[in-house]
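Asker: Chains as they are written, first to last, in the numbering used here: chain W, 1324 to 1527; chain L, 60 to 407.
Calculated from the structure, these hints are not laboratory results. Take these hints with a grain of salt, some might be off.
Subject to a maximum C-alpha distance of 25 angstroms in a straight line, what follows is the list of computed DMTMM-like cross-link-like pairs (lysine to aspartate or glutamate) [what the hints assert, rightly or not]:
1. W:K1502 to L:D93
2. L:K169 to W:E1334
3. L:K87 to W:D1385
4. L:K224 to L:D133
5. L:K72 to W:E1469
6. W:K1502 to L:D301
7. W:K1445 to W:D1385
8. W:K1502 to L:E105
9. W:K1382 to W:D1470
10. L:K87 to W:D1348
11. W:K1344 to L:D253
12. W:K1344 to L:E105
13. L:K72 to W:D1470
14. W:K1502 to L:E201
15. L:K87 to W:D1501
16. L:K224 to W:E1472
17. L:K87 to W:E1507
18. W:K1502 to L:E297
19. W:K1375 to L:E318
20. L:K87 to W:D1433
21. L:K72 to W:E1472
22. W:K1502 to L:D253
23. W:K1417 to W:D1437
24. W:K1375 to L:D348
25. W:K1502 to L:D344
26. L:K87 to W:D1522
27. L:K72 to W:E1361
28. W:K1375 to L:E321
29. W:K1519 to L:D344
30. L:K206 to W:E1334
31. L:K158 to W:E1334
32. L:K87 to W:D1329
33. W:K1417 to W:D1501
34. W:K1344 to L:E318
Anything over 10 angstroms on all C-beta distances counts as not near chain W; from chain L, calculated [stated by the list, open to error]:
35. D86
36. L104
37. V156
38. L184
39. K248
40. M325
Beta carbons are placed, not taken as given, at the ideal position from N, Cα and C, and that holds for glycine.
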Amino acid sequence: MLNTLDCRGMECPGPVLHVRKTLLDVSPASITVLVDNEAARQNVIRLLEYQKYQVTSDKLGDDIRVTGTKGDGVNIPEESSFALPIIERGVRAKKIVVLITSVHMGHGDDGLGDMLMFNFIKTLKELGPDLWRVIFVNSGVSFTAEDSEAVPVLLELAETGIQIMACGACLAFFHLLDKMQVGEVTNMLDIVISMKEADSVVTV
Amino acid sequence: MTDEPVRLTTTVKGAGCAAKLAPGVLDKALCGLDLPVDPNVLVGLERADDAGVYRVSADLALVQTVDFFPPMVDDPFSFGQIAAANALSDIYAMGGVPKTAMNIVAFPSKTLDISILRAIIEGGLDKMREAGVVLVGGHTIEDSELKYGLSVTGYISPDRIMTKKNLQVGDCLILTKPLGTGIITTAIKAGLADQAVIDMVTMAMTTLNRVAALTMDSFQVHACTDITGFGFLGHLAEMVVDSEYGVRINASNVPIYSEALEWAAMGLIPAGAYNNKSFRGSFVDFSTDVNQNVQDLLYDPQTSGGLLIAVAARDAENLVDALKMNGIDCAAIVGEVVREPVSRIVVV
């Protein structure tokens, strides 16, 4: 019997309290919680882990589903403490990481390169559910910041569950840290781990 | 009045500094604005510090700040005290002396009794008196949620402005209040905190940073800030980013509330802590010895938090002793400024 708690629309710390009450009342062997924001997701995961549940989370449209199970039922591998929590979506055959290292695509004419790169980003969605993460480094991080015409395109990708990540040191270097509009700030360790976990890495 | 007092924290969505607009979002509204220029602006928006400083004459400058937020405790008088202590703190963190204040109030007069507002303002006045500050005015609007705070103006000597920058290699970092008020006030809102914990954290949040500021004045202090909404690591990052040095924090020396550690493990972490982490996390390297709950505490948004002081190493022990002698018992050396890694925070 799977218990589902709908904690969408609740203000912090509502979701945690709601889940806690259920755990205290019935102590279910498994529990599913629906939340609608990242802080609630992390807090509910915290609470379930504190109560010795094994926890996974995935994306359901605009919402996030957190599932906790106890006992020997399912063997869920533990998340690496370094890697960012991975939000699974749809059916993914492969995990593709796209690493964008510049504002230009290729060498030759930079104007042409700019146009090609923007076109490339717009076309990324054709990779379908196999696209896992798009990581921006060096001058590429400017695509995630204000004024870039790529921002709405990346927001659309992010909405389908694709993770948009931009190198923090690069954002800082270009004074864009405060101007980031889409995705999350990442570091070299996460980038390296992403490469390790990916089935293929496309670098442009 | 009803028999059951209104629990102020249940009337609002965000609590205290956890209600602050996420860093990065605000910047969308502010960046690229055409700011008026004046050579007498010594500290302005472009180098965002704790407070703004405007030179009046060669030896006198005005230091100004404003701060207000929704209640993070249920008792109106305590809320007034905390909001005032929090607003005054920015002046102390700059090395200034607060002189005048104005109330900023948003009040839902249809749902809350006006006696509540009176108690809040009395709490604010209590702290203004302690600070030697006069209330010279204010502005009140009708709003669906209660908010209170102050704009404060003070004096500062133009050659003794204590900014966030100017760390020197070898400096020791001293923190004057324990961390964890964001998590604890979340637990208060949740109704999980008992009265002893509420009293303890209220006492800390209502304590002015005045004594700490006066104490540090006689030591070789190079930089200072106060710990509020961006959390310990967020405010520390403001000191470190773009500086020539890095800092090394010894997590086990950082004063924290043990209750907050337990509630962090339960997931009672304000969204502000996650915002702070995603905004500044890329500048921070944690040793694997620092457990997750301690990491969260270091990002926890503080209301009326303590001062974070960078002081010359030879003065560090003496400053801690002096702070303790003046009643700031938890004052501790929490880290040091190091040559490498540049512009990064290492937490061990």
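Asker: Which earlier hints can't be squared with this structure?
Answerer: Violated: hints 4, 5, 9, 10, 12, 13, 14, 16, 20, 21, 22, 23, 26, 31, 32, 33, 35, 39 and 40.
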